[in-house]
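Undergrad: Each protein sequence line maps, in turn, to chains G and H.
Okay, so the first sequence: first residue is 1 according to the numbering used here, each after it adds one.
Okay, so the second sequence: first residue is 1 according to the numbering used here, each after it adds one.
Because the hints were derived from the structure by calculation, they are not lab data.
Be a bit skeptical, because a hint or two may be false.
[Unchecked claim] Okay, the calculated beta carbon distance ranges per label pair:
hint, chain 1, residue 1, chain 2, residue 2, range
1, G, T130, H, W40, 45 to 53 Å
2, H, A160, G, D147, 51 to 59 Å
3, H, W40, G, A261, 46 to 54 Å
All figures in this text were calculated on a predicted structure; none of them were measured in a lab.
Built from N, CA and C at the ideal position, the CB exists for glycine as well.
Chain by chain, the residues run as shown.
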Amino acid sequence: MQKTLLTVAGLFCASVAAAETPVLTVYAPDYFGSEWGPGPSIEEAFEARCDCDLQYQTGDLLPRLLLEGANTEADVAIGFNSDVSKRARDSGLFAPHGLDLSPLTLPLEWNDDTFLPFNYGHTAFIYDNTKLDGFDSFEALLDAPDDVRVVIQDPRSSISGLALVLWVNAVYGDEAEAAWARLAPKIVTVTQGWSESYGLFTDGEADVVLSYTTSPAYHIIAEEDLTKSAAIFEEGHYFMVETAAKLAGTDNGDLADQFLAFILTEDFQTMIPTTNWSFPAALSEDKWPEGFQELPMPETVLFYTEDEAAALREPAIEAWRAALSQ
Amino acid sequence: MARSALSIIAALVVAGAVIVPVAAVLWRGGGVAALSAADWAALRFTVWQAFWSAAISVVLAVPVARALARRAFVGRSALISIMGAPFILPVIVAILGLLAVFGGNGLVNLILGPLGVPRLDIYGAHGVILAHVFFNLPLAVRLILQGWLGIPSERFQVAASLGARLFWLLEWPMLKRIVPGAFAVIFVICLGSFAVALTLGGGPRATTVELAIYQAFKFDFDLSKAASLAVVQMVLGGVAGLIALGLARGDMMGAGLDRVVQRWDGSRLFDALWIGAAAAFLLLPLAAILVAGLPGLLDLPSSIWPATVRSVCVALAAVVLTIAIALPLATKAGEAASLLGISVSGLVLGTGLFLVLQPIVRPSDVALPVTLLVNVLMSLPFVLRILRPGIEGARADFGRLGQSLGLRGWALWRIVYLPRLRRPLGFAAGLTGALAMGDLGVITLFSRPGEGTLPLVMYQLMGAYQMEAAYGAALLLVALSLGLFWLFDKGGRVHADV
Chain G
1 MQKTLLTVAG LFCASVAAAE TPVLTVYAPD YFGSEWGPGP SIEEAFEARC DCDLQYQTGD
61 LLPRLLLEGA NTEADVAIGF NSDVSKRARD SGLFAPHGLD LSPLTLPLEW NDDTFLPFNY
121 GHTAFIYDNT KLDGFDSFEA LLDAPDDVRV VIQDPRSSIS GLALVLWVNA VYGDEAEAAW
181 ARLAPKIVTV TQGWSESYGL FTDGEADVVL SYTTSPAYHI IAEEDLTKSA AIFEEGHYFM
241 VETAAKLAGT DNGDLADQFL AFILTEDFQT MIPTTNWSFP AALSEDKWPE GFQELPMPET
301 VLFYTEDEAA ALREPAIEAW RAALSQ
Chain H
1 MARSALSIIA ALVVAGAVIV PVAAVLWRGG GVAALSAADW AALRFTVWQA FWSAAISVVL
61 AVPVARALAR RAFVGRSALI SIMGAPFILP VIVAILGLLA VFGGNGLVNL ILGPLGVPRL
121 DIYGAHGVIL AHVFFNLPLA VRLILQGWLG IPSERFQVAA SLGARLFWLL EWPMLKRIVP
181 GAFAVIFVIC LGSFAVALTL GGGPRATTVE LAIYQAFKFD FDLSKAASLA VVQMVLGGVA
241 GLIALGLARG DMMGAGLDRV VQRWDGSRLF DALWIGAAAA FLLLPLAAIL VAGLPGLLDL
301 PSSIWPATVR SVCVALAAVV LTIAIALPLA TKAGEAASLL GISVSGLVLG TGLFLVLQPI
361 VRPSDVALPV TLLVNVLMSL PFVLRILRPG IEGARADFGR LGQSLGLRGW ALWRIVYLPR
421 LRRPLGFAAG LTGALAMGDL GVITLFSRPG EGTLPLVMYQ LMGAYQMEAA YGAALLLVAL
481 SLGLFWLFDK GGRVHADV
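The following block holds chain G by itself, in its conformation from the complex (with noise of 0.2 Å):
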């Protein structure tokens, strides 16, 4: 009875809202609407300028989007990769930004009209830099003794996963399999996800993790802990950006395309570092918090167009699969 009082309660609430200010209904993953993620900093700043109410729907954002087709509530999605964005352009769902890229500050150039960049990362491997001494290059990773324990993420469930299959071909080309073969005895273990390899590094379960180039910027910033790194590799490392993008459906049109203005504003690219633990796209880099200034950065960026990994990704996986299946 109370719990049907509630929803009659929330429900007249939502519609006497709905009444008076436009909603922006904006899908993201779940990482991102969290409140340990950008999406409630965001959620705010924006509100106090476009006069409506932003609301969060999070799961996964292209398998859901599909699912929903035409018929869906979302005025903007944000948080596409690169690697798998081929999918959600060809679905036809999403309309051009109408947006300058001048303002961004990514190590490549991006002339994207649908889907806009708003941070991006590096895959590299974390280290204990108090037990190991760090890799100058993938091939000195390659060499290192097989008692370094390394643990990815299974490129079949996890997006950073298979950015380094992607890098491992960017490298290594046609010998992807032996390079995977040579690091083969030193992957203790293949994660679901991020989080698993995350985690099991900062237990000791493992030397050597899959992450990101900016993952040390967590442990500097929010722990003080100086002893994590960012192996730089001098073969160059594998570049993954985030994107949002307009629905062509949207009956909000000029909100969702105020939102994605908002989104290269230097309000919206200084809350990135520090929630989304990633570099912002549009923002020069000595407004970066301390912390990301003195990141290591690599000197070359490798990175596949959304064709060519969508073409590569298959083949980038037997490699790694054969390999590993030995």
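Got chain G sorted already, so can you dock chain H onto it with the hints?
TA: Below, chain H alone, put in the same frame as chain G:
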């Protein structure tokens, strides 16, 4: 005949609740997809590891259950309760606990290392089976222990006074009746393994069907592939269930006075060893979870409390609903139907429910009810496995007596059956509540920020680098699950022998 009509309806509803969502995904995906060579390899590994996991769990459970059944010692009841904990642990938490004991820097290696024993490597197919035994041994022990406690103590007294061989006369027929069902339910649980198989399997050799489904859904958005694999899971689970239930024959023990068994046979030393080994295997990882979680308890965010309340509400609702459905469903057909629920991938089930509900309501508005429904479907097989032997026994032993006294319907249940079912009902309710507490389940498909359950908050903390707080949340989750389990389980045992 009203009873059997109700049973059939209940079985159809449960089977429908699984089949309709899977059919919806299949329909949306445009039909059945062919399985690739990699899918077949995954299928073979899945069946292989599920078979061995279930076989080892059940074989080890027999001596442990017997030792627990015939020994009385201080703390026995608490030990039985707490040994059930691994079964209700969220997967990721259990893996952390297991690694603290068996991992590269785990307790076992710390102790054996200085003795010159080569480092134990948990990663590989053996690690997957070890973890599955860790999860499922408690369930097997409890199911078989129940069988032992179901043998009227008067029988043991009579048999002992006649000098009969207790095992062949009393225990073997009981095991023949109980063990196949226990095997089936554990086999089907292990068919759905995903994170355990991946993390402890050490790599792509340990690929399961569930991983193939996850990949098809999340990366390829290949619904037809995901649904086809779910159908394969359903067929496997259904066949396993039917075979096991067909095998599970054996005489009922007849009625007794419901007194606690007193035994004089068997070696005390062996029993103590079995109980000690099982307790160490099951409790050391739990202790590790406790140690890892304590510091994090201080870092828990305030949002953990509303999430906790939501989780407890879902758990309590799941208990009520599951028991209500389970009572009319406690037939062979009902149990077979219920096995469909755990054999099918939660991801496909959730997606199907999403497709079915989407035209009617906003999926995120019904996130908790849908989570509840899926939890009920997932708990039913265990609950039925626990309740059915008791219900059938009570019917066979007291049904006619009750009828001859003119008891019918609710009165028959209240006066005759329920008091006899108190113990299995308490256990079943405790298990359902605890499983529902720890289930991350389909809420990830539907949730809105700030409306998550406790397991979801735990995963969010992990995803935000806050490992310590996440372990704190895990500890809270384990403590609450165990508390809930203990309350119901204890409630079922209040009428102890006097």
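Undergrad: Confirm or reject each hint.
TA: To see whether the hints hold, each was checked on the structure:
Taking 45 to 53 Å as the suggested C-beta distance range, the pair T130 (chain G) and W40 (chain H) conforms, at roughly 46 Å. A hinted range of 51 to 59 Å holds for the C-beta pair A160 (chain H) and D147 (chain G), which are about 58 Å apart. Taken as a hint, the range 46 to 54 Å holds for the pair W40 (chain H) and A261 (chain G), whose Cβ atoms sit roughly 51 Å apart.
In the structure shown, no violation is registered for any of the earlier numbered hints.
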